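Hints in hand, dock the two standalone chains.
Next come the chains, spelled out residue by residue.
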Amino acid sequence: SAVISQKPSRDICQRGTSLTIQCQVDSQVTMMFWYRQQPGQSLTLIATANQGSEATYESGFVIDKFPISRPNLTFSTLTVSNMSPEDSSIYLCSVEATGGKTEAFFGQGTRLTVV
Amino acid sequence: DAKTTQPNSMESNEEEPVHLPCNHSTISGTDYIHWYRQLPSQGPEYVIHGLTSNVNNRMASLAIAEDRKSSTLILHRATLRDAAVYYCILRSIVIGTYKYIFGTGTRLKVLA
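Sequences listed follow chains A and B, in order. With the working numbering as the guide, the letters of the first sequence map in order to residues 1 to 115. With the working numbering as the guide, the letters of the second sequence map in order to residues 1 to 112.
Pulled out of the complex, with its shape left as it was, chain B reads as follows (with noise of 0.2 Å):
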């Protein structure tokens, strides 16, 4: 299965953007690039996703590099409410099925 790397944590000051990381050197071509995040005591919430371009909603950007081997995700001004662990993951089509593979997150600390 393709893997993912994110730092473990990152410090954000409120109202500044933020630039999650994320290392996906084994992706395939059919794997789209997901983002989630992870509240306390909650279950994981789309945040976007993407396969090549780069997008936009109205929670973040999610930029793409070329190679597809990389992919940051952008808050474009963190409030204190984007305190959450960060996932990077792969949606990842094996044997005529697909699963989502999560990587190992990064916790945003927003700091007022």
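For reference, chain A alone in the conformation it holds in the complex (with noise of 0.2 Å):
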């Protein structure tokens, strides 16, 4: 299994800052994983951050928006940049279980509000 611990657990924020989650995992992962819960919405995926190479967006999400950091193989941050109300949201850090199990496993999430 994984534990993984994000930070902030929840922030308020002004409009047009930006915000920087941590997600820190306690086993060495190759893959990890960032997504957004909108409000009453399912998860979607942004991005996926490997070690020691850029991350790879979906479609919808740019690094402009959304810079991701993947310094070392169990930590990495998302920022969210320039936010508006629109980006309130949940965001979820994952790591897929190593020993090649293909279960996930999820933090619990930084809660954003942007006012």
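Hints in this document: simulated from the structure, not taken from any laboratory. For clarity, every value in this text was computed on a predicted model and none was experimentally measured. Each hint should be verified, as a subset may be incorrect.
Only some residues are given here: those of chain B computed to face chain A with a beta carbon under 7 Å [what the hints assert, rightly or not]:
no.: 1; residue: 25
no.: 2; residue: 29
no.: 3; residue: 32
no.: 4; residue: 44
no.: 5; residue: 46
no.: 6; residue: 99
no.: 7; residue: 100
no.: 8; residue: 102
no.: 9; residue: 105
no.: 10; residue: 109
Computed beta-carbon distance windows for the label pairs [claimed, not checked]:
no.: 11; chain 1: A; residue 1: 1; chain 2: B; residue 2: 53; range: 20 to 30 Å
no.: 12; chain 1: A; residue 1: 64; chain 2: B; residue 2: 53; range: 37 to 47 Å
no.: 13; chain 1: B; residue 1: 7; chain 2: A; residue 2: 15; range: 34 to 44 Å
Backbone N, C-alpha and C define an ideal beta-carbon position, used for all residues, glycine too.
Below, the structure written as structure tokens:
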């Protein structure tokens, strides 16, 4: 299994500012995933972060808006830039279990409110 | 990306079995079928997954159609703690990597 810690757990931010969300895993993993969950909705994949390379973004998400860092095999950050109220969502970090097991683990999420 | 479709909501009486359906008609041969559930204010948690054969674990059973275009998550005896949103997900391999694509989810209500 993998234990994921996300910080902050929640934040209220002013529009036009940026927030960086941290994701720490208790084991080394190859890939980390960032999701957005808008109120009452399902999870939407933002990007996949591989250590040592640029993140791969899904359609509708761009690096300028959601820059991602992946400095090592246990840590990643997602920045939500130039925020607007439409960015108010829960942002979740996820990893897949190691050892060839196809099972994903999720953090508790960061609840972001933009005012 | 292959997609899944699920009913928006379902209800069940406590102690009765629950069958949660999922359609994934565009599934490819290498896609795994996963089920996760999400309790309020928590991240999704793993329930079960399979590729072609039916699967059982301590939480649930997964029945996969022979053509793999649909599957059913079976909770054998629903409890109040099983009330959650259940997501049917395809783990897809894409250009040497993989990703989990979430469906819309089914909100399960368990009646006492």
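Status of the hints after comparison with the structure:
1. 25: Violated. Min distance 18 Å.
2. 29: Check failed: Cβ of residue 29 of chain B comes no nearer than 15 Å to chain A, outside 7 Å.
3. 32: holds, 5 Å
4. 44: holds, 5 Å
5. 46: Holds. Min distance 5 Å.
6. 99: holds, 6 Å
7. 100: holds, 6 Å
8. 102: With Cβ-Cβ at 4 Å, under 7 Å, it holds.
9. 105: holds, 5 Å
10. 109: violated, 15 Å
11. A:1 - B:53: 20 to 30 Å: Given about 24 Å between the Cβ atoms, the range holds.
12. A:64 - B:53: 37 to 47 Å: Cβ of residue 64 of chain A to Cβ of residue 53 of chain B: about 45 Å, so the range 37 to 47 Å holds.
13. B:7 - A:15: 34 to 44 Å: With Cβ atoms ~37 Å apart, the hint holds.
In this structure, the earlier hints numbered 1, 2 and 10 are contradicted, and the remaining ones agree with it.
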